[in-house]
Amino acid sequence: MELARPTAFANPLLKDYVLDNTYDEMFSEDGLVRPHYAAVLEKFLNLPPEEMARRKRSVDLSFLTQGITFNVYGHGEGTEKIFPYDLLPRVITGAEWAHVEKGLTQRITALNLFLHDVYNEGKILNDGRVPREIVYSCRQFRREMRGLQVPRNVYITVTGTDLLRLSNGEFVVLEDNLRVPSGVSYMLTSRRVMKRTFPQLFRDCNVQPIEHYTQLLLSTLRSLAPEGRHDPSIVLLTPGVYNSAYFEHTYLARQMGIELVEGRDLVIHDNVVYMRTTAGLKRVDVIYRRVDDDFIDPLAFRSDSILGVAGLFNAYRAGNVTLANAFGTGIADDKAVYAYVPAIIRYYLGEEPILNNVETYLMTDPKQRKYCCENLDKLVVKAVGESGGYGMLIGPHSTAEQREEFKRMIEANPRNYIAQPTLDFSRAGCLTENGIEPRHVDLRPYILYGDKVRIVPGGLTRVALRRGSLVVNSSQGGGSKDTWVLND
Amino acid sequence: MLSRVADSLYWMSRYLERAEHTVRMLDVNMGLMLDKSSTSAEGRWKRVLAALGNPPEVRWESDYYQIVHSLTFDAEIPASVTSCLIEARENARQVREEISSEQWQQLNRMYHWVIQPHSEYGLNTRLADFLPAVVDGLHLFQGITDTTMSHGEEWQFIQMGRYLERAAFSANLLDLYQPELLSEPEVGAEGRHYQEWVGLLRCCTAFEAYCKVYTADLTAEWILEFLLLNPQFPHSLRYSIDSLRHALVAVRQSSGRPPVDELSRVSGKLQASLSFVEVSDILAQDAGAYLHNILQQCRQTHDLIYRFYIQYSVEAALAM
Chain A
1 MELARPTAFA NPLLKDYVLD NTYDEMFSED GLVRPHYAAV LEKFLNLPPE EMARRKRSVD
61 LSFLTQGITF NVYGHGEGTE KIFPYDLLPR VITGAEWAHV EKGLTQRITA LNLFLHDVYN
121 EGKILNDGRV PREIVYSCRQ FRREMRGLQV PRNVYITVTG TDLLRLSNGE FVVLEDNLRV
181 PSGVSYMLTS RRVMKRTFPQ LFRDCNVQPI EHYTQLLLST LRSLAPEGRH DPSIVLLTPG
241 VYNSAYFEHT YLARQMGIEL VEGRDLVIHD NVVYMRTTAG LKRVDVIYRR VDDDFIDPLA
301 FRSDSILGVA GLFNAYRAGN VTLANAFGTG IADDKAVYAY VPAIIRYYLG EEPILNNVET
361 YLMTDPKQRK YCCENLDKLV VKAVGESGGY GMLIGPHSTA EQREEFKRMI EANPRNYIAQ
421 PTLDFSRAGC LTENGIEPRH VDLRPYILYG DKVRIVPGGL TRVALRRGSL VVNSSQGGGS
481 KDTWVLND
Chain B
489 MLSRVADSLY WMSRYLERAE HTVRMLDVNM GLMLDKSSTS AEGRWKRVLA ALGNPPEVRW
549 ESDYYQIVHS LTFDAEIPAS VTSCLIEARE NARQVREEIS SEQWQQLNRM YHWVIQPHSE
609 YGLNTRLADF LPAVVDGLHL FQGITDTTMS HGEEWQFIQM GRYLERAAFS ANLLDLYQPE
669 LLSEPEVGAE GRHYQEWVGL LRCCTAFEAY CKVYTADLTA EWILEFLLLN PQFPHSLRYS
729 IDSLRHALVA VRQSSGRPPV DELSRVSGKL QASLSFVEVS DILAQDAGAY LHNILQQCRQ
789 THDLIYRFYI QYSVEAALAM
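So the protein lines, in turn, are chains A and B.
Numbering-wise (the working numbering), the first sequence opens with residue 1 and increments by one.
Numbering-wise (the working numbering), the second sequence opens with residue 489 and increments by one.
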């Protein structure tokens, strides 16, 4: 239902702005601009169109010449696109953020305890709080990790958790990305661009800084060095230049001042990892790896991988090198295990979850499966091991054939799918060719865990740039915008 | 520095240098087509192709314009200017965190400019604008490299790539010209070959610099002396080899490894063969053989750089 148009919308830039039951980040239900958005909106409404266009052009050009691009799979190898970028920042109050931060800290602490438990005594499985078969049937479960001690018992050094805001204004967790989450470089470069493009506005808004992320990441990695390795040598392991996040890998390596290595740069000798340099072999102590488990060691995992380093897992097992994130963390962000995260939090911490989950139907449960297969047009179906918006069905936007296909796939392999209600998640104002219009947004904060949990305020706000679209993934036509967490 | 990084920087630099040579060869020879000359069109363009390593995809078929166009824009031909720039950028992309943002942006800008469709360059005159603009872009990149990058090991590998490529190109070019040069040692202003010799010098951007030393009188001996042995001119063979040696010594010192005897010997001999020789010595013997020998030593130096810094075996490295 569309609400009455308040007089604040008289400005021609807002002529297409729709307010309905969906939570709007910029306007409250009665059509008044939310106080923390007031300065930003005023600035954007009062900027002459040609000045806005000029700033937009200069931002696009700066992304292109800096090579801040991503590769799209299936569009010809190495095809680069600029990350679509929206200039109107998404603003969050300091109080809202404090709540989110507490919730994320709680969640990551619990998930890390879960990983440690599953790969050691397995108490939570013995107590029947998480079904054993769900964990052991997960493709990301790594038997090789059983009983292996990791430095500080930290498995998930870097997490990117996807949050949505529901119509009641509450932030909920859509998924935890515990393997090799990406996107943080867009968060950091967006901020730099915004500061350069709207310096005055930025200063007036009193935004909490995020620039120290790379320094935090570095000290987090350093805190996880193998015992006895003071002044550890830290590297970032990338799959290489054809990876969709290659720009990010180079960016982070440069900002941290560490070497960016590929699998072919590393050699293992006597279970010690070395990199090949012009001055000979140099020992490596900590690897921030951006290569998936499957591809990282052809001897331990997929033997057809040419991105990995033969023998790396043995060096890891010998305790001569730390990998962040650890192997096998994917069991905790499996979308079926996700349904049990509230139980996991209660089990290990004895607390109620601060951030709720999205309601999730498990296809392994016959009753839930039956309900879902009959209501696919209202649900979102996801493959449990996929990310990036691949392998999913959005019921309300699907065709009958697509639904039939998913029904067949679900019946054939119920463990591989989960379903969730189609969420009515929040929209934020974005610049479009028609002025300012609301678009669906999510929020991905980045959580670091070394000697303790650290989160820089904000994260990457991803935008579904097409009107009405619910998909925010960059590979599927999504964009991003800067996220401003204010000092209240 | 990672060996892979050294590899990429070295080749980035070689490809850029190669692009510059190609552009200059095409530009100068296209200009020479405007005047009557002692060299037939066929002879000229076959020589151009030979100087560029006889790319198998391009053949002389009476239309020189087609050759110029292919060797400039055709990304399917590895020797074309466009291909060289694509390769250079690809190498730079592999080591983005090692080069400065300014370098990357300049190279990336050139890349986007060169790969856009160039149908509007159908006219010779437009191509004549395009080619010098490429050289300008390359010079800008070199300037940016020298002023924004630390002159450490990374920069030294860029120097190695540039000067080794330049030395090999000059030696090859002189080898192609030397039979003609030596058959007619005196060239007056009206001489049949005057335009050709000016062309040779201009292919090495050497005409004005030559005139400053020898005036506009062109003789085969002076041309050879200048392009081979001049210690100050950046495109002379001697200058290139001196610079290469300098980079090799700097890398040896900064890597902190014991000196590599074989590499020092080969590159030192190469340098000596240019530093302690007079042009009359070269002319007294077989100039062709002398140039071949230099080319051979350049290749050997390249192989040794690879064997010691880039593709060494783990056993050899652990033994050190």
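Derived from the structure by calculation, the hints contain no laboratory data.
From the three backbone atoms N, C-alpha and C, an ideal C-beta is built for every residue, glycine too.
Be a bit skeptical, because a hint or two may be false.
[Said to hold, decoys possible] FRET-style restraints, in silico, Cβ to Cβ:
#1 A:LEU216 <-> B:GLU578: 30 to 38 Å
#2 A:ARG229 <-> B:GLU590: 29 to 37 Å
#3 A:GLY240 <-> B:VAL765: 29 to 37 Å
#4 B:GLU590 <-> A:ALA39: 32 to 40 Å
#5 B:GLN788 <-> A:HIS230: 53 to 61 Å
#6 B:LEU783 <-> A:ARG302: 56 to 64 Å
C-beta pair GLU590 (chain B), ALA39 (chain A): status relative to the range 32 to 40 Å that was hinted: holds, 34 Å
Status of the given 53 to 61 Å range, CB of HIS230 (chain A) versus CB of GLN788 (chain B): Between GLN788 (chain B) and HIS230 (chain A), where Cβ atoms are some 43 Å apart, the hint is violated.
Outcome for the supplied range 29 to 37 Å, where the beta carbon pair is ARG229 (chain A) and GLU590 (chain B): holds, 36 Å
Status of the given 30 to 38 Å range, CB of GLU578 (chain B) versus CB of LEU216 (chain A): The hinted range 30 to 38 Å holds for LEU216 (chain A) and GLU578 (chain B), with Cβ atoms some 33 Å apart.
Satisfaction of the hinted span 29 to 37 Å by the C-beta atoms belonging to GLY240 (chain A) and VAL765 (chain B): violated, 46 Å
ARG302 (chain A) and LEU783 (chain B) - C-beta distance against the hinted 56 to 64 Å: Hint violated: Cβ distance 45 Å, outside 56 to 64 Å.
Taken one by one, the earlier hints fail for this structure at numbers 3, 5 and 6, listed in ascending order.
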